[in-house]
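Using the hints provided, position chain B relative to the given structure of chain A.
Chains as they are written, first to last, in our numbering: chain A, 173 to 689; chain B, 6 to 482.
Quick caveat, the hints were computed from the structure, so don't treat them as lab data.
Glycine included, each C-beta is placed from N, C-alpha and C at the ideal position.
Among the hints, erroneous ones may be present.
[Stated by the list, open to error] Pairs of lysine-lysine, DSS-like flavour, derived with a Cα cap of 25 angstroms:
1. A/Lys328 <-> B/Lys427
2. B/Lys427 <-> B/Lys292
3. A/Lys328 <-> B/Lys292
4. A/Lys333 <-> B/Lys160
5. A/Lys467 <-> A/Lys328
[As the list claims (entries may be wrong)] Derived list of chain A stretches under chain B, where covered just means 3 residues or more per stretch with a C-beta under 8 angstroms from a C-beta of chain B:
6. 305-312
7. 315-321
8. 343-351
9. 413-420
10. 576-585
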Amino acid sequence: MSGFPILSLMLAIPAAAAIACLFAGDRLARLIALGATVVAFVLGCVMWAQFDIGGPQWQFTERADLFGRFSWALGIDGMALMLIMLSVFLMPLCILASWDAIKSRVGLYMAMFLVMETIMIGVFCAQDLLLFYIFFEAGLIPMYFIIGIWGGANRKYAAYKFFLYTLLGSVLMLIAMIAMIAEAGTTDIPTLLNYDFPVEMQTWLWLAFFASLAVKMPMWPVHTWLPDAHVQAPTAGSMILAGVLLKLGAYGFIRFMMPMFPDASAQLMWIVFGLSMVAVVYTSLVALVQSDMKKLIAYSSVAHMAIVTAGLFAFNQQGMEGALIIMLSHGVVSAALFFCVGVIYDRLHTREIDRYGGLAVNMPAYAIFFMLFTMASIGLPGTSGFVGEFLSLAGIYEASSWVAFVCTTGIILGAAYMLYLYRRVVFGELTKDDVKAMPDLNPREWAVLAPLAAVALWMGVYPESFLAPMRGDVTTVVARLAPAKPAGDAHLAAGKPQPAKAQGETAHGSSHAGGVQ
Amino acid sequence: MTADLALIWPELILTIGGLITLMLGTFLGDRQVGLYQLSALLTLAAAAAAVVALFGVEASVFSGTLAVDGFGGFAKLLIYAASFICILIAPRFFTGGMRAEYPVLILFAALGMGIMASSRDLMTLYVGLELNSLAAYVLASFMRTDERSTEAGLKYFVLGALASGMLLYGISLLYGFTGTTDFTGIAARMGGEMNVGLIFGIVFVLAGLGFKISAVPFHMWTPDVYEGAPTPVTTFFASAPKVAAMALMTRVVIDAMGPAVGAWQQIIIFLALASIILGAVGAIGQKNIKRLLAYSSINNVGFMLIGLAAGTQAGVEGVLTYLLVYVVTTIGAFLVVLQLRDADGNYIESIPALAGLSQRRPGLAAAMAVFLFSLAGIPPLFGFWPKYLVFEAAVNANLLPLAIAGIVASVIGAFYYIAIIKTMYFDDKSDTEIPACGGAIVEDAVITASALWLSIIGYLFIPMLAVVSASAAAVLF
Chain A
173 MSGFPILSLM
183 LAIPAAAAIA
193 CLFAGDRLAR
203 LIALGATVVA
213 FVLGCVMWAQ
223 FDIGGPQWQF
233 TERADLFGRF
243 SWALGIDGMA
253 LMLIMLSVFL
263 MPLCILASWD
273 AIKSRVGLYM
283 AMFLVMETIM
293 IGVFCAQDLL
303 LFYIFFEAGL
313 IPMYFIIGIW
323 GGANRKYAAY
333 KFFLYTLLGS
343 VLMLIAMIAM
353 IAEAGTTDIP
363 TLLNYDFPVE
373 MQTWLWLAFF
383 ASLAVKMPMW
393 PVHTWLPDAH
403 VQAPTAGSMI
413 LAGVLLKLGA
423 YGFIRFMMPM
433 FPDASAQLMW
443 IVFGLSMVAV
453 VYTSLVALVQ
463 SDMKKLIAYS
473 SVAHMAIVTA
483 GLFAFNQQGM
493 EGALIIMLSH
503 GVVSAALFFC
513 VGVIYDRLHT
523 REIDRYGGLA
533 VNMPAYAIFF
543 MLFTMASIGL
553 PGTSGFVGEF
563 LSLAGIYEAS
573 SWVAFVCTTG
583 IILGAAYMLY
593 LYRRVVFGEL
603 TKDDVKAMPD
613 LNPREWAVLA
623 PLAAVALWMG
633 VYPESFLAPM
643 RGDVTTVVAR
653 LAPAKPAGDA
663 HLAAGKPQPA
673 KAQGETAHGS
683 SHAGGVQ
Chain B
6 MTADLALIWP
16 ELILTIGGLI
26 TLMLGTFLGD
36 RQVGLYQLSA
46 LLTLAAAAAA
56 VVALFGVEAS
66 VFSGTLAVDG
76 FGGFAKLLIY
86 AASFICILIA
96 PRFFTGGMRA
106 EYPVLILFAA
116 LGMGIMASSR
126 DLMTLYVGLE
136 LNSLAAYVLA
146 SFMRTDERST
156 EAGLKYFVLG
166 ALASGMLLYG
176 ISLLYGFTGT
186 TDFTGIAARM
196 GGEMNVGLIF
206 GIVFVLAGLG
216 FKISAVPFHM
226 WTPDVYEGAP
236 TPVTTFFASA
246 PKVAAMALMT
256 RVVIDAMGPA
266 VGAWQQIIIF
276 LALASIILGA
286 VGAIGQKNIK
296 RLLAYSSINN
306 VGFMLIGLAA
316 GTQAGVEGVL
326 TYLLVYVVTT
336 IGAFLVVLQL
346 RDADGNYIES
356 IPALAGLSQR
366 RPGLAAAMAV
376 FLFSLAGIPP
386 LFGFWPKYLV
396 FEAAVNANLL
406 PLAIAGIVAS
416 VIGAFYYIAI
426 IKTMYFDDKS
436 DTEIPACGGA
446 IVEDAVITAS
456 ALWLSIIGYL
466 FIPMLAVVSA
476 SAAAVLF
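Okay, chain A solo, but in the shape it has when bound (with noise of 0.2 angstroms):
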């Protein structure tokens, strides 16, 4: 594994390529911008080919140490890989959907993207944890460009809004990060994953980084952000904060949070789980009434979020399986719904529900595929969301019965509100004139979503070749919780063997052994 530094190109391939793109004019901008993301992304192929399932945890390290108090560190592991390729398969859509749509300061456009693709890859590869805060807060700065200058019409609020509640959140965690490095001595990643605080510490240390990460993922009642970027933000602004950002806090749980305080992981699981139900139910309802698309979506990510983060603190293998699975189907499932509103706005420049209906009729293929991600994200079985959300409240079931029975409602919810939509805005009658003259699909919004739809069904129909990288790592996560995690309410009872038969009785035997046939 180690020698060729894979890593750190495809760290390096984008931020130059972004340098480029300052320097260059609108078009080569473009060509430059997606060359870029998919270099990226098929040496991110080359890397998921290359990861050992199986082999040592952390692949493809590298460490120089640079920086004197702290190293570029780099490695991955199963769950690292997977969200990396999430980021760089993304990208280039992101790029293609925003070939024509942006048309103002493309130079700085395609760089902002480029210097967020080398951002998200250096956040899921840092293996020390100062890399890693500066990775995790320097995303701001792109996205504060992003949606502040390409964004809609209220888009000076959503940026400083999203820039303020984010950094709020960040600080904390960097005292406690601080806190840590004293206490441990290191700053290596792998190292702290198995040191022992304190039980006391770590309680402050939970709340800390909770502070942060529930601000990213975002949980309730810190969600507000989230709509408010979400509208404003351009298409694809709003597929990366979906499809990418918005992963950052839960990988922040299961990377930190738990694997390094585990009691205080138990303890306070309390407050996820209430936090979590409160979110599914409510941003569900919320998401109902929205008469917006964009901000419909928004809310249920949130809800989508909150089925995350309680599976994370379900303590068990399926749980975590079950969430990481969600954040990468949802991942390709937002930011398809994402561009599927930006395809429609891009043809009428309203993201009002009311305003369209009865797209069946003209666009049959832009129908065809906003069914499959609106499926996809109720869960519908054959769909990558089945697979996460029912590995993920059979996790949570185990662990409180009361829960599962809560998100499950989210599930139930989630139906209502997609189909909703989708029925005012795909079928009904074509009354509107200006919603007859929409043309469908071009090419290249099919090349956008032709890839993001084979994602979501081979993540449906054989997810074994995104669970398999990633089961070791939550085994290893699962055995790191497994002395603190507390009696779950719903257990699989032994049955009560009957006493040992006497030999006489064999009438009753043999209709005991009939049963067991």
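Okay, now just chain B, sitting in the frame of chain A:
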């Protein structure tokens, strides 16, 4: 005595060079701009070379009144470098109004600041501070015909005199109750039982020094003076004297008052938090970029004081690193302000006029964005690193509540920095044309170099910075 003279080469060079430049100015008149500027620059370069040559020497000269050590050396190098740039950028700003007094005053101010940074006695402390202050008062009102400039000079002088008075009062109390003006002697006395007189002395000395670093509540002069003074002078005020005063404050607190942690620590904590919060809140409504940068300097001084409040070697290392990064950032930001001229050549200071700057001058706007994000301490810009160091020092010195309060208040500060970035990047172009100014090669080079250094390149310097700042800070412990 002669042996002592060999150890104060930087000061001797500055004195002689300053006098030569003064003579040149007097005899050649104001027309020979290039000549006396060159002489001043050479003087500063020679003084800096002398500091470098003296690195590693640790001595106390003139009966222990002046220290020659790494700590002073670090501060002096920064001071000389900042002064060098401030002389370099001046002729373009004053165009025709440039007089020989400018480089001379900066040289004498630099001499005073060097003495401040290496004083080990309350008397040398005061001499250095006044030498710097007197030069600074004149510099603030350098544009004699400009109302704002003369007002700034007068304001600075009156409030500065008040602060000097407080400082002197504190010094006299400390002398009265300890019987010595020597830092070591004072420290020895502080180790014993404290009394009201000593505490009052500490409070007054810290108040006087707080004025010099413009810490809240002694900051009132800063926005007015920064706004009124000519921009190159403001650049100077925001950089070199901050280094000198902060170094002086550190030395007084650690060296002279070291044992009386309980007495000074709460004062420093108060100054730190008040500066961070007021510096951030006060900046929000500002419409003038120079006033805004003044509040930003108040805010940043607050973060430096967090490192000082820790009172540990790591804290002092944090302060020194912070000073270096702050000087680079602030000089860069003021150089950007210097480039903002409308079509008629008038300087633009109003923030709304910057709207859409990223479309008119993309490079300049990008550099400014780097400086502002760096001042806000957002990674991956290098401004994050010194903030990290001071917070780490505070956490490790068991000042967790201070660290939490400071870092949460830093988010308020981020608001106004990103507000300017919003103006430059998100807003539509303003009516004010800001054409590229030609012939500013030096400014362009400094802006580019500092912006590049503050983006990720700076991180590669961390090991070097750590060694240098550690060896400088170790002197005090």
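Tested hints:
| no. | hint | result |
| --- | --- | --- |
| 1 | A/Lys328 <-> B/Lys427 | 7 angstroms, holds |
| 2 | B/Lys427 <-> B/Lys292 | 14 angstroms, holds |
| 3 | A/Lys328 <-> B/Lys292 | 18 angstroms, holds |
| 4 | A/Lys333 <-> B/Lys160 | 39 angstroms, violated |
| 5 | A/Lys467 <-> A/Lys328 | 17 angstroms, holds |
| 6 | 305-312 | holds (count 6) |
| 7 | 315-321 | holds (count 4) |
| 8 | 343-351 | holds (count 6) |
| 9 | 413-420 | violated (count 0) |
| 10 | 576-585 | violated (count 0) |
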